[in-house]
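**Student:** For reference, the chains in residue letters:
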Amino acid sequence: MIRIQSLEKHYQKLHVLKSINLSVEPSKITAIVGPNSAGKSTLIKSILGLVFPDRGDISINGERVNGRWDYRRKIGYMPQLARFPENLTLKELLALVRDLRHHPDDTDMELFEVFNLGKEWDKPIRTLSGGTRQKVSAVIAFLFRPSILILDEPTAGLDPIASSNLKDKILKERDLGKTFILTSHIMSELEELSEHIVFLLEGKIFFEGLTDELVRYTGERNLERAIATLMKGRPVWTELQKS
Amino acid sequence: MDGTAKILKYEFHNILRSKWMIGYAIFFLVITDGLFRFVGTDAKVILSLMNIILAVIPLASIIFGAMYVYHSREFIELLLSQPIGRKNIYWGIYCGLSLTLSAGFVAGTGLPFLLEGVIDAEYLSALMLLLTAGVLLTWIFTALAFWIAVRYEDKVKGIGAAMLIWMFFTVVYDGFILLVIYWFDDYPLEPAIIGMSLANPVDLARVMLLLKFNVSAMMGYTGAVFHQFFSASTGLGVSLSVLILWAVTPFLLGLRYFQKKDF
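Line by line, the protein sequences are chains R and D. Residue 33 in numbering that gives the first Met the number 0 sits at position 34 of the first sequence, and the numbers go up by one each step. Residue 109 in numbering that gives the first Met the number 0 sits at position 110 of the second sequence, and the numbers go up by one each step.
Keep in mind the hints are simulated off the structure, nothing from the lab. Quantities reported herein were computed from a predicted structural model and do not represent experimental measurements. Beta carbons are placed, not taken as given, at the ideal position from N, Cα and C, and that holds for glycine. Take the hints with a grain of salt, since some may be wrong.
[As the list claims (entries may be wrong)] The following label-pair restraints were derived from C-beta to C-beta distances: (1) Gly194/D / Lys203/R: 50 to 58 Å; (2) Val155/D / Arg2/R: 36 to 44 Å; (3) Ile25/D / Glu191/R: 56 to 64 Å.
[What the hints assert, rightly or not] No farther apart than 25 Å at their CA atoms in a straight line, the calculated lysine-lysine pairs in the PhoX-like style are these: (4) Lys8/D / Lys122/R; (5) Lys177/R / Lys73/R; (6) Lys260/D / Lys17/R.
Full structure from sequences and hints, please.
**Tutor:** Next up, the structure:
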């Protein structure tokens, strides 16, 4: 269980997160959606400790994480843009992260096999395409069997096969009890994956609840249209809060 | 500490493979060897080396250092999402670069002396002090570079600031001291001049070496005042400790900034 309480963040004058309160339930997939620069990445990065919030608390399984780092042992992270040291080969990169995590015996190389990354084993990262890097990033996120996975636009840049492979993996791991937080702009994908949705707009949470609920209340056909309705700022959400 | 050691291992592996690092060592090798061929005696070689080192090491360390941090951005982001503390990351990357730069300098400069095999005891200690000064300047300017590079997100700004700092310490500062001497000619300037030479690591390293080599003709005003003010051994002690302070302070400032920085 990840609990976020009255989280505030400014970048200079820009108020990015405005008093965010959120509970992410265990063994579920929670999607954070919203227009560009709504604060999605900042929220995710705050959980990871890449960004330090001005105020507020974040706790994972009851433990406060503010300023600590050992809790990241439990987290697998896939950033929006996969960036790695360019001179390393794939082999060296994986050796490096294993080394940083004290060489656990039991690692999950399923995605590595599925993506058929074996043929890239000895190539330097700089020669890999954007999509392949994204695959490498996914492999690293799942590698240490973390109980929490934070995926920032995981399927962006992946071809349809890799994308569906990744989605299968996400669903499979969810069934095994892993907790997911993910963002995406592809609504059909979220409809497929997530049961929980958090809609963020200008740094505030406008809606938090079940995906089906959101679609039903907005009276739209699907999630994409429901979210679009929210983004257009129709006052649906006030009614939602009353109900 | 464990995390730092792991990052350090990776850094060594990565830097030693890069061409510019080998070029840096070869540069010192060629220069020192060339000096032996053309200048001749140990004493003269060491003196000429001093002038080269005082100009080249600060410039190379501050530019390499800043570029290196910008270049390691991806690596830092990867590390930050793993269970490692920020302190360990900063220590690891700083030590990785400053130790390899120091090693390149010491190996490149030291090797011709070993090959010549003409080091008698008198020059050996001078050479040791020269190497120490070079290593300290490497640490100081790498630390300054790291501080700048974590502060300025924009690479162009960061490299620009690094160049300005180098120019300030190696060129502008001397002019500034001359101006002060010119303006305040009527006042007792010695304590102020001592203070001012302590405030510039390049000048301080120069004064420290010249005190040791005992070449008053090259000391300049700050050196002469320093010489007058301290005995040789106190002067050496004072300048060494202040140089170390010069490495520690920007390192800690950079570290503090890095620990609060948003990525």
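**Student:** Just pull the numbers of the violated hints for me, sorted ascending.
**Tutor:** As far as the earlier hints go, not one is violated by this structure.
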